Every structure is written in C-alpha cells, then in structure tokens.
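Novice: Spelled out from the first residue to the last, the chains are:
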Amino acid sequence: MKISLNWLKEYIDLEGISIQDIINKLTMSGLEVEDFVNQNEKFKNFIVGYVEENEKHPNADKLTICKVTDGKKSYQVICGAPNVQKGQKVVYAPIGTIIPKGNFEIKKAKIRGVESFGMICAEDELGLGDDYTGIMVLDSNLKVGQKLSDALELNNVIMEIAITPNRPDALSHIGVARDLTALFDKELKIPEVKLNESDIDINDVASIVIEDEENCPRYSARVVTDVKIEESPGWLKQRISGIGLKPVNNIVDITNFVMFECGQPLHAFDLDRLEGKKIIVKSTKGKTKFTTLDSKERELLPDTLMICDDKGDVAIAGIMGGENSEIYQDTKNVLIESAYFNPSSIRRASKHLQMSTDASYRFERGTDPGNTLYAAERTAQLIAKIAGGEIAKGSIDVYPKKIDNKKFILRHNRVNKVLGYKISKQHTLKIFNRLGMKTTELSEDEIEVTVPTFRVDIEREIDLIEEIARISGYDNIPTIPKISISLGLKHDETLFTDRIREYCNALGLYELINNPLQPKHFAALTGNAIEVSNPQSIDMKYLRTSLLSGVLNVVTRNLNRGEKNLALFEIGNIFNLKKGKKVVSSFNDFDEEEILIFVLTGNKIEREWYSDTESFNFYDIKGMVNSFIDKISLDNLLNDSYYTTDNSIYEYYLTKFFKDRVIGNGGKVKDHVLKQFDIDQDVYCFEFNLDALKEIPVVSKKYAELLRYPRIILDFAFIFDKETKFEDVSEFIKNKGSKLLKYVNVFDIFESKEIGDNKKSIAFQLEYYDSSRTLTENEVEKDFENLIKLVSKKFNAKLRGN
Amino acid sequence: MLAQNTDKVNIDFLKDLSGVKNADDLEQIRIKYLGRNGVISKLFNQLKHVAIEDKPALGKNLNLLRSEVTSQIEKLKSSFVSQKSKGDLQMDLTLPGKKYQIGSKHILTQTLDEIKSIFKEMGFSVHVGPELESDYNNFEALNFPKNHPARDMQDTFFISKDFLLRTHTSPVQIRLMENMKPPVRAIMPGRVYRNEAVSARSFCMFHQVEGLYVDTDVTFAELKGTLVSFASQFYGEDLKYRFRPSYFPFTEPSAEMDITCFICKGSGCKICKNTGWMEILGCGMVDPNVFENVNYDPEKYTGYAFGMGIERIAMLKYGITDIRIFFENDIRFLKQF
Ligand SMILES: [Zn+2]
Chain A
2 MKISLNWLKE YIDLEGISIQ DIINKLTMSG LEVEDFVNQN EKFKNFIVGY
52 VEENEKHPNA DKLTICKVTD GKKSYQVICG APNVQKGQKV VYAPIGTIIP
102 KGNFEIKKAK IRGVESFGMI CAEDELGLGD DYTGIMVLDS NLKVGQKLSD
152 ALELNNVIME IAITPNRPDA LSHIGVARDL TALFDKELKI PEVKLNESDI
202 DINDVASIVI EDEENCPRYS ARVVTDVKIE ESPGWLKQRI SGIGLKPVNN
252 IVDITNFVMF ECGQPLHAFD LDRLEGKKII VKSTKGKTKF TTLDSKEREL
302 LPDTLMICDD KGDVAIAGIM GGENSEIYQD TKNVLIESAY FNPSSIRRAS
352 KHLQMSTDAS YRFERGTDPG NTLYAAERTA QLIAKIAGGE IAKGSIDVYP
402 KKIDNKKFIL RHNRVNKVLG YKISKQHTLK IFNRLGMKTT ELSEDEIEVT
452 VPTFRVDIER EIDLIEEIAR ISGYDNIPTI PKISISLGLK HDETLFTDRI
502 REYCNALGLY ELINNPLQPK HFAALTGNAI EVSNPQSIDM KYLRTSLLSG
552 VLNVVTRNLN RGEKNLALFE IGNIFNLKKG KKVVSSFNDF DEEEILIFVL
602 TGNKIEREWY SDTESFNFYD IKGMVNSFID KISLDNLLND SYYTTDNSIY
652 EYYLTKFFKD RVIGNGGKVK DHVLKQFDID QDVYCFEFNL DALKEIPVVS
702 KKYAELLRYP RIILDFAFIF DKETKFEDVS EFIKNKGSKL LKYVNVFDIF
752 ESKEIGDNKK SIAFQLEYYD SSRTLTENEV EKDFENLIKL VSKKFNAKLR
802 GN
Chain B
7 MLAQNTDKVN IDFLKDLSGV KNADDLEQIR IKYLGRNGVI SKLFNQLKHV
57 AIEDKPALGK NLNLLRSEVT SQIEKLKSSF VSQKSKGDLQ MDLTLPGKKY
107 QIGSKHILTQ TLDEIKSIFK EMGFSVHVGP ELESDYNNFE ALNFPKNHPA
157 RDMQDTFFIS KDFLLRTHTS PVQIRLMENM KPPVRAIMPG RVYRNEAVSA
207 RSFCMFHQVE GLYVDTDVTF AELKGTLVSF ASQFYGEDLK YRFRPSYFPF
257 TEPSAEMDIT CFICKGSGCK ICKNTGWMEI LGCGMVDPNV FENVNYDPEK
307 YTGYAFGMGI ERIAMLKYGI TDIRIFFEND IRFLKQF
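Chains as they are written, first to last, in the numbering used here: chain A, 2 to 803; chain B, 7 to 343.
Note that these hints are calculated values from the structure, not bench results. Bear in mind that the values here come from a model prediction, so they are computed numbers and not experimental data. One thing to keep in mind: the hints can contain errors.
Below, in silico cross-link-like pairs of lysine-lysine (DSS-like), each with a Cα-Cα straight-line distance of 25 Å or less [unchecked claim]: (1) Lys605/A <-> Lys105/B; (2) Lys341/B <-> Lys323/B; (3) Lys288/A <-> Lys152/B; (4) Lys276/B <-> Lys102/A; (5) Lys623/A <-> Lys104/B; (6) Lys246/B <-> Lys26/A; (7) Lys783/A <-> Lys66/B.
Pair ranges (Cβ atoms, derived) [said to hold, decoys possible]: (8) Ser123/B <-> Leu189/A: 44 to 52 Å; (9) Glu706/A <-> Ile17/B: 30 to 38 Å; (10) Glu445/A <-> Ser238/B: 20 to 28 Å.
Ideal placement from N, C-alpha and C gives every residue a C-beta, glycine not left out.
Please work from the sequences and hints to get the whole structure.
Specialist: Structure, rendered in structure tokens:
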C-alpha cells in the first residue's frame, strides 16, 4: 500500500526525524517499506521555464525551436509537442536532468542540424499523469526559475509498504501513524469531527434495515443534502493521486480519502435513486445475477451479502456498487454507508467473483466495527465542506450486536519465557498505551490489556507479546549462541536416498529434477493420473504417474540441443489413483510413492584414441541395476524375470521381485513410445520403487572369512543351439556341480559360420574352492568332467575342441 | 621336481609368448598351456605324487603360475583388439587419460545437503512427508482457517475440496508432532508447490527446508542464535544480519531474517531492491494454536520454527538468474556442479 509522508504528518509530528529513520523503524517493526520515492530527489533539477520565442524547425515539420528562460538565462530547446506556444510557463529540464520515464539523462543534442539544450516535459515523462499528447502547461502565476518541486509542492515521500494479512488496521494513514507514535514515542492526532447539522432529520429521509445480522453486524449512515458534484479541489486530488488513485469527483474522492485516512471503506449512494429511500442488508437466497457499476453482469453465489433498496439489489456489500444507485453528475442528496461486514462473508464473495477492490481487501481482512460512525461523520464533514450541501440531523446506526473491546492478561514472566529476555514493565505499558490499548496492573506479574476493536489480530497473550517484541525491536532480543542438545533424537529419514544418490554418482549418473506436473498424455502413459482442479495451464494439469515420461522429455530436450549421450537418474514421488477411484477424498484413494529411475541413451564411450564408439545397451542398465542392488545388500534377496513381450513401454525388460512384489522394472523403451517424444535413438530405463525397497528387511552384514587356500579355476566352452539361455546353463551347472564349485561366469560368447548356423558358443569359467583345505586337482577334475557330460547331454551341446 | 618343472614351464611360456604375432598364435599358446590337457593341467596332475607337507606351497605356486599365464594371455589379447589398425604404439605419455565419469547430484540436492549437514550437527533430525496433502495438515492445523486472507499468501493447487499439493513442508511438522512428544528437534526438507505464473523468478514447484524445535524452554533468543549460527556457517563468518517482524499464521511472533546483500555488499542494487538486504528465511515462535491442534500443552511448551527456499539460496549462491534452468535438466547444466 502506498503511504504518503506528508499525509502522515497530519496525524503525527515527525519534525526532526529523517526519512531513512522512519523507513527503517517501519520496516523493523513489521510494516516493511518495500520501496519509496522521494519526490524532492526525483524532481530536484526541473524548473519552471518560460517560453520566450518559438519558431518552426527549418528541417522538420513537427519540431519547434523554442527559447526558454529560467529567469536568468535563455536556452535554445527543440520541442516535438504540438501545443508549445510562446508565453507558456512550462517544465524545463536542463542538461544533466534525469527524466523519470525511461530513467535517462538529458544531454546536449543536435536535432536535424539544430542544437538543443534541455527539454520541455510532458506529464507522463515526469510520472505526474498519463498525458503524453503535449507538454505540461503550468499555471501562469508560478514564478519563472522556481524549482518545480517547490512550485507544485512535490516535496513528498511516497512509501510502498507491504502490510501483512494480519494487520488490516495498518491499511490507512492513521493506522501507520499509530505504529509510528509507538516507535518514536509521539502523540497520535486524530482529526476532530464537528458537524453543522441542518433541520432535516435523517430518519425522515432514510431508513436502514439489517436482515442478515450475522454478516452485517453494524451499519452506520449519514445523509448530506444539496451537494454539488464537481471536480475535487487541488489538495484533495493531490492527496489521492499521490497514493496512486485516480480522482473521479468530489464525493468519490472524499470517500476514498477517508478510507485511506482511517481504514474504513465507505460507499456513497444517490439517496434519490434508492427506491423507498431505504437500505436493506440481506443475503441472496438462490443464484442471482447483478450488474456492477463497471457494466458487467455477474453471477452471485447463494448467501452473498447484498445492499438493497425497496425494489432490489443496489450493491454487492463491501465489494462494488451497482449502476443504478451511483453518484451521477446531477446527484443532489447523498447517503453515506459506513458498515462493518463479516470478513469471511466478503472474502467468499470476492473470491468467487474474482474481484478485489480497495474496500473488499479491507473488509475481508477485518475493519474496525467501532469506527463506522466516526468515518461516516468524517465523510459528511468533508462533503459539506467541499461539495457544499447540508448535513441532515442525526445519524442512523444499526448495531444489533455490539462488538466490545477485548481484554487479555499479560504475564511479564511469560514474555521472558517466550522471548528470552526481560523488558521493563514501564516500557511495556508505554508500548501498549501508544498503540491505543489501555492497561491495568493487576499484580506484580500481571497486567490487563484492553485491546480496541481495530486490532483484529490480537486475540491472545502471545499476540501481546509479539507487540512488545516488534515495537521494542527484534534487534534488542539477545542472540544466544548455544542450544542444548537432547540426546537420542538423531534420526534421518533421508539417509537411504542420500546413499542411493552416492551410488548413482559412482555409476557415472547425473541427477536430474523434473516438475511432477505434466500434460495428460505424459501422465496417462504409465498410470491412473490425478488431476489438478485449478491448473496453471493444460501442460501442467496432471501429476506424474511414473518418472518415465518426464525423463524421456528431458532426453528430447537434450537431443534438441545436440546432447546425445546421457546417463541420468532421478529420485522423485509419483502419484496414482487407486483402482476404481475417481477423486481424492482421503489418503486411501491414491498412492504416493518414491521412485528411482536410471536412464541411459546414446554412447557410453565416444570415439577415443583407445577405443571405438560404444553405445549403451541393455547389459549396461542391467549391470548398473545389479551393482546398485549389490551395494544396498539386497543382491541375494531379489529374483529376476525377463520378458520380451506384453509391455506397453518396453520392448524387452527385466523385472526385479522381492517375493511376489515387483520392486523394479525396466529395459529398452519401445520405439513407438520414443516416437511420441521425438526420440530417434535407443533409450534404456529402469525404475525402482524405493518405498518397496525400504520395506525389505535388510540383513545386517557379517564378516566372511577370507580365503586362505588356493582356488582352482577351470574353463570350458560349448556350442549350443542359438536359443539356449546362458542363465539356464549356468544354473544347471551350479546345481549339478559339486559343493566345491562356488562360482560360474561367462567369459566369451560368439556366433560364426564355422560353428554352424543357429548355433552359438558360450565359454564358462568355473571357480572351485574349499574354505578349509587345498583342493586336489583330481577331485575338481572329476566334477568338471562330469559337468561336461551333463551339459552336453542336457543342452545337446558340443564341447569345443581344446 | 615339480617346483623345477613349474619354473621351466614359466620360462617356456614367456618365450612362446614373445613369438606371438597375432590372435591365432595366441590362441594356440592358450591351448598349449591352459587347455584341458595342457602343460599346466599336467603339472597339477603331478601334485598328487608329492609329499603331503609340500602340497600347500606347491599348489599355491601352481595356481600362481596359472593366473600369471592367464593374465598375460588376456593382456596380449586385449592389445590385439585395441591396437587394431594403429600398429605399434609407442608409449606417448602426453596422450589424454581415459575418460571416467563420476556423475553428480543435482545442484539443489547439493545445496540441501550442505544445509542439512549444518543442522544435523546441531542435533536436528531429518523428516519427510507426502507432497499430496490434506487441507487440514497443510492449512487448518497450521492455523490458516478456511476463508482467511492468510491463504492468499500461498497460492494453492487443489486436487479436490480437501486435498492439495502442499504449499510448504510445514505439514510434516504437524505429522511429526502428532506422533511424538517433545522434545522435538527436526528439519523437514521437501518439494512444495505454488500456483504462481512461471517466470525467471518463480516456478510452480520448488524445494524448502523447514526446522522445528519444541521443548519446555525454547525462546526467541535461541531461535536467533540458531539461525545466526546456521547463516554464518553457510554464508560466511563475517555476516551482517537482521530480524524483521513478519507474519505467518503458524508462528507468533514471526520474523524474516535478512543478511547483507552479497551482490552489492549492502550499498544497494537491483537484486536487493536498493535496500542492501537480502531475505533468506522466515521464522518465528510456534503459535499456541498449532500446539493445541497437536495436543501439546502451550503453557508448558514453547518452540520455534523456520523455513527457507532452496532454489532461492542456490540462485544467490551460484549466481543463477533464472529459476527455470534447475528443471530443464540440460546435461551441460547438470555437469557444471
Ligand atoms: Zn544489493
């Protein structure tokens, strides 16, 4: 919210306090000054100039050569505006001036062959208005050579203050001034209202009925008759345009002024346009339509609070008026509405209508129910003063359920317990009193604090403690450089995934992080996707159902950038609706699982002096998966299955099981899937369900005796039928071999014409040992010979000659 | 006898090996020495005839010989493969070394790790929770009533009326306190979502670390101490800081912590909006309403909580100006860290 320093000074004496000091104190007490403009600084070089002569530029139709004087010296200035005339008083920017619009410096220039020393400015270039059609022509009474800031009283500082949602009381100049009185120990000066009332009794010309007392606890009104709708006087226009509002007419400007003065939103009705001269406050029953004063028809929810007259709706309470009862040029009699509405009712309506006005913004945060009458009277006073007219006698103030000041007890010891430091009782009392709260000391430890209705945020003792802390300054609270450590608390739920990341790095993989929000065709690829009901775009409407599509998308992006060789991993959560569920209404309706994915594509080794290009293949991903499983000590617990069909994603793949549960799955991604991602090279992926992995009971490691006796290693090779699977043979050998056979590995595999079509050669290496003695060649040889026979027979294999 | 034979076989083998010119020659040698009826097999056969006390040593020697022969053959074999057409390669030590790739964690993970290790040393445990949360855990239990303007502070992606994508990791605080009696001292890292337009400065998803400490005598002064200690470990010893009052529904009093802008060193620049300060985290004393929601006695216990955005910290620390680059996963970006 914009706050004007000059305006603030109406309510607090800030004499002798620097601007920087004010800004710091505000920021450090919770009213954060995000930005500020010091007009004095901004306009320091501009001066009131006088156009002595003007003639057409010889080389340009639209340009004028002017002679501008600052009273001491004349300058030649080229001007492009159509309205420049000899005899005008204008805003002259001498060389070296920074122009606010565009933030550029005026330099000596040559324009179409004629020199120019400075610039004559338009309103928009100065940031003083929107007019860019011509130069700004100043009042002829201004003194030539005077500083523009003095001439136009541009000596203000406008601050942009971020008001947190709990502090609606600070959404006004008096509100901010009140905090300043506590910060600088000053008096708050609230404008006194004294009204000259006419003989017309308000009750004879208007009446008010509240039907929905819950949502409208108070409605105050004043009537002013015989007003004249005009442009506002200069001071008023300056006040409200200074904080970024557009002047409309005197009545509207005054209601805005009072709102920004004391925080109470006001609405002015044309009394003669109110049917029956009556206001009825009630909520809509069913769905209703209403045309607001911006000429838009809007659909209202049932139970929307409305301001009505005898005939129908005239305004959406607290949000916006309708076309029918607004202030028009011919309005004579005005009814001023100053009400307190239930914040959540206004918020509900404004959310639904997606309309946030200065009024609704305040109402939904909570205005001061105790201040409605004052605000109505302050408005009436200003209307009578500025727009003429007479104030009808008396006010209408319907206040069915009075909202009282709140009282809380503050314990000094509690302040110390929460903040960790002691603050003097005297200081505490002063802070509360400056903030408008009355205090009564009940005992040595306790004070009773009466909190006025404007402080909607203070509801408990802790809120009072916050007031003490923020006004006395957080900097004054000590910074204790030690904490006590409770033992036995150490626990880290991220340890497992941290370990996994280390292993992935060791495998040469880089970690990626994807956005889990995806378009439908990504999310639907792998599961039963959950939809976001208010997405930002159609591309982020669904939650991912696996990590696969996101990762393929990353592959695509990298390929498009010429990066073809990728070895990546991601750890992230996926979301799936459970079978048969359509919506999420409990935690049982969906699964959120943590997944790890490996991705390999392109070349493992690029062409090098020591090697040819080698591309990633299935055995790379399989090898990584197995090394990983080994590293997390699950190598003996999981079973593998291999498939070459029946999967919508993979052409062929490996599945890892723990008992019956699938805990990992992956292989070569099908071409038609890759096509959807515009990928034209092989991609290998493997996904692990980390939640499932974590649940597998890990057997803690035990030391295994190191071998003290030699191993015997023998090898043989057979020619098999081509379809024979390595694992079938190796398992067979392991089963049939003696107890001494501890390890079987494949070390060579090939096909060639010489061994015959539909044949292949597999060479095995067999490792024998016994942990308690040296093996004899004989016993091993016997087993080995036996295996040769068995394998030959079982697989119809031929031992290769050696 | 056997020992001498072993040595002789070794010498013969080396001689034979020096005569090898191609892979075929090598295969012949392999069969001669390692074949089933090869020289070494025969030596093993002789092992049965030696005295029992000599067996272990001789057996060991034979095994050594076999593995030596095997590895020599393998070595030569691979050189036939890799030399290919390049002919004899003179040792040129200036050739680049072979490439090995170690991979890396995402820079956001690395940043989080650094933060985590600082707090773990201070005795904080680490907890996580789900991203798809209930409205109750994300808002109501944290003192954000329905229809309250405080909800505007966190634009939310809704899944249904009562479920949403968590807007902060604070629901993990609720889950933790519901399941544990004080003292509680934990940090909660995780992914959060905000329904904000994607731009260079903001993304619809980002990461946070929050912290929580509840015990019988936890004070604001300790909160300041903890966070100043964290900041000086993370950002540097000679750091200037300030705590500014702010508002979060789940803490009271609430604060934001600023440190000197490290772009301009406090003199004012575009990044810090000319204030000279940079906000790094939000914090405060746990609101008594939150304690009541998790059945902690607010009279007995006090606590503090804090939270920070990891992307923001990483951007400041590494000079990244566009948040979107974190999630593009361009391999050239990933490899930089
Ligand atoms: Zn800076």
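Novice: Please flag the earlier hints that this structure goes against, numbers listed from lowest up.
Specialist: 10
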